[in-house]
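Number of protein chains: 2
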Amino acid sequence: MEQKSANDIFKEFKSHSISEFFKRNSQMLGYAGRVRSLTTVVHEYVTNSLDACEEAGILPEIFVEIKEVEESKHLVTVRDNGPGIPSQFIGKALASILSGTKFHRYLQQRGQQGIGASGCTLFAQITTGKGVHVVSRTSSESFECDVAIDVNKNEPIITNFKNIEGNGFTGLEIIGLFGETKYENSERGVLEYLKRTALVNPHANITLKDPDGKEHVFVRTSNILPERPKESKPHPLGITTSDLMYLAELSSSRYISTFLVESLSRVTKQKIDELKNLIPDIDLEKSPHELTWEEGEKIVRALKKIKWMAPETDTLSLIGKEQIEKAISAILMPEFVSTTQRRPRVYMGGIPFVVEAAIAYGGKAGKEREEFRGGEILRFANKVPLLFDSANCAITEAVKSIDWSRYGIKNFDEEPVSVLVNISSVYVPYSGVGKQAVAEEEEIIDEIKLAVMECARDLQRYLNGVKRRSVQESKYKTIMRYVNQLSDDLSAITRVSKDEIKEKLISILKEHYSGLFEEETNETKDN
Amino acid sequence: MEQKSANDIFKEFKSHSISEFFKRNSQMLGYAGRVRSLTTVVHEYVTNSLDACEEAGILPEIFVEIKEVEESKHLVTVRDNGPGIPSQFIGKALASILSGTKFHRYLQQRGQQGIGASGCTLFAQITTGKGVHVVSRTSSESFECDVAIDVNKNEPIITNFKNIEGNGFTGLEIIGLFGETKYENSERGVLEYLKRTALVNPHANITLKDPDGKEHVFVRTSNILPERPKESKPHPLGITTSDLMYLAELSSSRYISTFLVESLSRVTKQKIDELKNLIPDIDLEKSPHELTWEEGEKIVRALKKIKWMAPETDTLSLIGKEQIEKAISAILMPEFVSTTQRRPRVYMGGIPFVVEAAIAYGGKAGKEREEFRGGEILRFANKVPLLFDSANCAITEAVKSIDWSRYGIKNFDEEPVSVLVNISSVYVPYSGVGKQAVAEEEEIIDEIKLAVMECARDLQRYLNGVKRRSVQESKYKTIMRYVNQLSDDLSAITRVSKDEIKEKLISILKEHYSGLFEEETNETKDN
Numbered sequence: 011m012e013q014k015s016a017n018d019i020f021k022e023f024k025s026h027s028i029s030e031f032f033k034r035n036s037q038m039l040g041y042a043g044r045v046r047s048l049t050t051v052v053h054e055y056v057t058n059s060l061d062a063c064e065e066a067g068i069l070p071e072i073f074v075e076i077k078e079v080e081e082s083k084h085l086v087t088v089r090d091n092g093p094g095i096p097s098q099f100i101g102k103a104l105a106s107i108l109s110g111t112k113f114h115r116y117l118q119q120r121g122q123q124g125i126g127a128s129g130c131t132l133f134a135q136i137t138t139g140k141g142v143h144v145v146s147r148t149s150s151e152s153f154e155c156d157v158a159i160d161v162n163k164n165e166p167i168i169t170n171f172k173n174i175e176g177n178g179f180t181g182l183e184i185i186g187l188f189g190e191t192k193y194e195n196s197e198r199g200v201l202e203y204l205k206r207t208a209l210v211n212p213h214a215n216i217t218l219k220d221p222d223g224k225e226h227v228f229v230r231t232s233n234i235l236p237e238r239p240k241e242s243k244p245h246p247l248g249i250t251t252s253d254l255m256y257l258a259e260l261s262s263s264r265y266i267s268t269f270l271v272e273s274l275s276r277v278t279k280q281k282i283d284e285l286k287n288l289i290p291d292i293d294l295e296k297s298p299h300e301l302t303w304e305e306g307e308k309i310v311r312a313l314k315k316i317k318w319m320a321p322e323t324d325t326l327s328l329i330g331k332e333q334i335e336k337a338i339s340a341i342l343m344p345e346f347v348s349t350t351q352r353r354p355r356v357y358m359g360g361i362p363f364v365v366e367a368a369i370a371y372g373g374k375a376g377k378e379r380e381e382f383r384g385g386e387i388l389r390f391a392n393k394v395p396l397l398f399d400s401a402n403c404a405i406t407e408a409v410k411s412i413d414w415s416r417y418g419i420k421n422f423d424e425e426p427v428s429v430l431v432n433i434s435s436v437y438v439p440y441s442g443v444g445k446q447a448v449a450e451e452e453e454i455i456d457e458i459k460l461a462v463m464e465c466a467r468d469l470q471r472y473l474n475g476v477k478r479r480s481v482q483e484s485k486y487k488t489i490m491r492y493v494n495q496l497s498d499d500l501s502a503i504t505r506v507s508k509d510e511i512k513e514k515l516i517s518i519l520k521e522h523y524s525g526l527f528e529e530e531t532n533e534t535k536d537n
Numbered sequence: 011m012e013q014k015s016a017n018d019i020f021k022e023f024k025s026h027s028i029s030e031f032f033k034r035n036s037q038m039l040g041y042a043g044r045v046r047s048l049t050t051v052v053h054e055y056v057t058n059s060l061d062a063c064e065e066a067g068i069l070p071e072i073f074v075e076i077k078e079v080e081e082s083k084h085l086v087t088v089r090d091n092g093p094g095i096p097s098q099f100i101g102k103a104l105a106s107i108l109s110g111t112k113f114h115r116y117l118q119q120r121g122q123q124g125i126g127a128s129g130c131t132l133f134a135q136i137t138t139g140k141g142v143h144v145v146s147r148t149s150s151e152s153f154e155c156d157v158a159i160d161v162n163k164n165e166p167i168i169t170n171f172k173n174i175e176g177n178g179f180t181g182l183e184i185i186g187l188f189g190e191t192k193y194e195n196s197e198r199g200v201l202e203y204l205k206r207t208a209l210v211n212p213h214a215n216i217t218l219k220d221p222d223g224k225e226h227v228f229v230r231t232s233n234i235l236p237e238r239p240k241e242s243k244p245h246p247l248g249i250t251t252s253d254l255m256y257l258a259e260l261s262s263s264r265y266i267s268t269f270l271v272e273s274l275s276r277v278t279k280q281k282i283d284e285l286k287n288l289i290p291d292i293d294l295e296k297s298p299h300e301l302t303w304e305e306g307e308k309i310v311r312a313l314k315k316i317k318w319m320a321p322e323t324d325t326l327s328l329i330g331k332e333q334i335e336k337a338i339s340a341i342l343m344p345e346f347v348s349t350t351q352r353r354p355r356v357y358m359g360g361i362p363f364v365v366e367a368a369i370a371y372g373g374k375a376g377k378e379r380e381e382f383r384g385g386e387i388l389r390f391a392n393k394v395p396l397l398f399d400s401a402n403c404a405i406t407e408a409v410k411s412i413d414w415s416r417y418g419i420k421n422f423d424e425e426p427v428s429v430l431v432n433i434s435s436v437y438v439p440y441s442g443v444g445k446q447a448v449a450e451e452e453e454i455i456d457e458i459k460l461a462v463m464e465c466a467r468d469l470q471r472y473l474n475g476v477k478r479r480s481v482q483e484s485k486y487k488t489i490m491r492y493v494n495q496l497s498d499d500l501s502a503i504t505r506v507s508k509d510e511i512k513e514k515l516i517s518i519l520k521e522h523y524s525g526l527f528e529e530e531t532n533e534t535k536d537n
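Chains U and L are the protein sequences, given in the same order. Residues 11 to 537 (the numbering used here) are what the first sequence spells out, left to right. Residues 11 to 537 (the numbering used here) are what the second sequence spells out, left to right.
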């Protein structure tokens with residue numbers, strides 16, 4: 011066997027750009043399979059449009075068009091009425107992975123990585139050799155251009171830049187040609203994705219023109235923009251030493267004590283005094299830049315021993331209990347629906363999150379199977395539908411771990427039941443770059459379970475009622491059979507009319523079994 | 011509602027480093043949950059050690075030590091006898107994400123991203139505030155130093171660098187303190203990971219010293235280094251236009267025709283002539299740098315119409331049929347084992363891959379459940395055990411999609427059966443950065459299914475045999491009851507001794523039911 015030295019081997023050493031990495035591993039961004047790839051493109055653009063409109067305070071109007079250019083090749087257009095993107099940033103926003111306005115802010119938004127739109131450009135390039143075309147109208151300029159990525163440098167290449175006439179509106183339009191794609195009317199297709207998006211974003215008008223030219227319009231059912239979430243600060247109960255050290259490094263506060271008040275939520279001067287009593291050996295009146303890791307660790311541990319107010323809720327934007335109920339009733343037309351909105355919790359990292367959940371039963375609830383409707387889980391994170399990678403998701407894990415038989419559901423997979431879960435957080439811990447599954451953090455799984463079980467208890471009461479009624483109904487039928495027979499026989503013996511006897515028998519029964527005849531009195535005449 | 015313009019919003023625009031991204035999303039690298047985090051650290055270092063030893067032509071000796079320093083905090087040491095890392099590269103190799111010797115080479119190795127070791131350094135920093143310590147001995151230098159990542163720049167910070175005395179050997183030792191970790195003797199723990207690693211790497215000596223100080227030694231069972239895989243070229247049958255354009259851009263060939271011969275495998279001058287006949291309008295005698303995307307697309311399409319030899323097999327390093335059987339027999343001690351090694355296939359991207367599979371039944375096969383042993387899937391990619399994210403993996407998908415009842419397994423989850431699958435490829439399409447699951451590419455799933463079904467047919471024959479034997483056995487017992495009774499009765503009537511009659515009856519039966527008495531003749535005396 012030939013021996014190779016370290017110097018021989020390391021002749022091959024190179025550094026690579028994040029674009030090179032994702033060019034080679036585009037499946038990690040969600041570009042795996044033709045149907046999924048097309049849905050991913052639409053998902054990335056629509057998500058950005060919704061975020062941009064909401065941040066600008068505009069009611070979203072989103073138009074999506076998909077044309078089949080040749081087999082497996084689709085021209086996708088996504089147009090919104092958002093604030094547009096300034097020309098200075100258009101290149102980096104659409105063609106430089108890990109650039110954006112969202113990654114570094116402690117603010118709940120759908121996008122949080124600065125990967126999505128540039129990922130689309132990369133996918134267009136990989137499959138058709140071309141980047142995307144964009145038309146942007148901001149309040150101060152209007153222009154169009156082509157944008158592509160210089161993959162080796164992860165830098166944008168802008169060509170055919172042209173200023174255009176303003177039309178009095180702002181907005182962004184992106185047109186891209188994507189290969190290795192397929193339009194399909196399935197559970198994982200674009201239409202279903204937009205349907206679910208509309209479900210939880212009632213303030214948006216969304217139109218899809220599909221490859222057959224058919225228009226699907228999801229009309230806005232609310233003219234009120236959701237309350238804009240506030241930028242927030244980490245909660246002291248969940249912050250890690252690493253976070254604290256990072257914040258201390260960035261801080262311009264003079265003392266550690268003031269730094270803590272300014273950088274964390276719910277920290278007051280009184281709380282600082284409590285903290286000082288817990289860790290008297292640490293000098294909180296020195297500069298945060300002098301904080302050592304060991305001191306940071308001690309502070310974090312001490313923070314956990316103090317009682318804190320729960321995190322602020324105005325940092326999160328929820329769908330809302332009423333809205334969920336309205337949307338589910340409209341779309342699934344279930345016999346029964348129960349919804350809940352839990353109080354904010356904190357998970358590792360001091361990050362507040364809120365779980366909303368709903369259970370719908372009967373009607374069009376559940377997934378259509380061959381012979382019946384079976385249990386279905388509708389997963390959302392920050393109001394974005396998650397259609398893929400369901401298996402390794404905290405939401406799936408939580409719903410599957412529930413003992414459904416306790417709630418009157420013998421087999422979840424075989425009953426007409428839909429469970430909706432939405433997690434809202436400044437930072438959702440996705441398990442992959444493609445953001446299709448929530449990492450299985452224990453605190454999150456537990457909270458989802460509690461939320462779903464809350465709804466499940468309502469469902470159980472409903473199902474018990476149904477069962478009780480059906481038991482009563484069968485009792486009623488049995489009794490009526492005897493009443494009929496008895497009336498016949500008594501009538502034959504006493505020669506009193508059958509109807510008279512029957513009427514009396516029923517009135518005797520009514521006294522003893524009140525409620526039994528209330529709804530069914532009409533039926534008695536037919537028997 | 012306050013309105014915000016694009017210029018307001020884009021004041022927040024920033025670019026971020028890949029280190030910042032993974033610092034925030036360390037769960038995507040496999041750092042989710044304490045047990046998994048510790049296994050991930052060991053996995054990354056051991057994988058690199060095996061790759062380095064094999065590339066240098068050295069039989070691997072790997073020593074892993076885990077010490078619990080305080081609750082949830084472990085000091086991990088991994089030491090190997092590999093070629094070491096030159097001081098010039100030590101920083102980037104251990105503290106710059108997306109740097110390495112592997113990403114850009116068309117060569118089968120365990121690592122393929124240049125993320126693993128730097129990910130460990132990042133995780134150490136996030137959880138303990140410190141990077142890692144390294145001792146490296148190459149054939150030309152020996153030194154030690156501390157390495158950390160400048161997260162904002164994704165660049166290494168080297169401190170305490172010190173040249174040390176050589177000891178006549180080469181090797182690398184990394185020592186790191188990792189918080190948020192837990193040592194557990196479970197299916198997902200370090201010990202199980204190393205056990206499975208040893209299972210498919212019989213040429214490696216692996217020692218684990220666990221937190222209790224107990225040493226677990228997996229002794230090498232083969233002194234032969236696996237044949238080193240050759241660097242290969244993409245196969246024309248699977249190459250994408252994007253790949254072709256990329257190769258053309260890099261090419262220094264004078265003509266497209268010679269470029270194709272030089273850059274793709276199996277392309278000869280004769281094949282170029284065939285290609286020219288298929289696309290007469292494209293000039294293959296111009297420079298590859300002049301190739302347009304449209305021409306590239308046509309070439310790729312034409313390449314698919316030509317008959318090609320299968321990809322070379324010497325570019326892949328397999329476990330080997332015999333080795334799998336030996337290892338499984340030693341560790342699972344099953345009643346039955348069947349293994350198969352399929353021929354190389356190509357999947358999207360012209361990338362050859364080979365599937366090896368085995369089924370073991372009985373003994374310690376299957377996973378231990380409460381009351382019985384149930385079906386278990388042992389997943390490997392390039393001889394690396396995959397312990398996590400099993401749900402969304404091509405291997406799981408393939409095994410679960412098999413109709414096991416056709417092979418005598420009524421319920422896979424309730425039978426003592428282990429299915430082992432190893433995928434070898436120059437490029438394994440992992441579904442996530444943490445490389446714990448293979449993306450569900452159809453060509454790969456199909457091939458795995460075929461491999462497993464091949465073994466399953468053997469299993470079926472075996473189980474049929476078992477069944478036949480058990481049916482025969484019960485027939486035998488029934489007959490023997492009658493033989494006993496009949497001998498008694500006949501003896502009473504004829505006064506011939508019972509034993510004599512019985513002997514004769516048995517010899518009559520033997521003539522008619524040969525095989526039935528072969529193994530059981532001893533038993534007849536007892537009956």
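Possibly wrong hints are sitting among the right ones.
What the hints assert, rightly or not - A few chain U residues that face chain L, going by a derived Cβ cut-off under 8 Å, partial list only:
1. 17
2. 109
3. 113
4. 255
Note that these hints are calculated values from the structure, not bench results. Yeah, the Cβ is synthetic: ideal placement off N, Cα and C, and Gly gets one too.
Against the structure, the hints come out as follows:
For residue 17(U), the interface hint holds, since its Cβ comes within 8 Å of a Cβ in chain L; the closest pair sits about 6 Å apart. Given the 8 Å rule on beta carbons, the hint for residue 109(U) holds: about 4 Å separates it from the nearest Cβ of chain L. The interface hint given for residue 113(U) holds, since its Cβ lies 5 Å from the closest Cβ of chain L, which is under the 8 Å cut-off. A distance limit of 8 Å between C-beta atoms decides the matter here; for residue 255(U) the minimum to chain L is near 6 Å, and the interface restraint holds.
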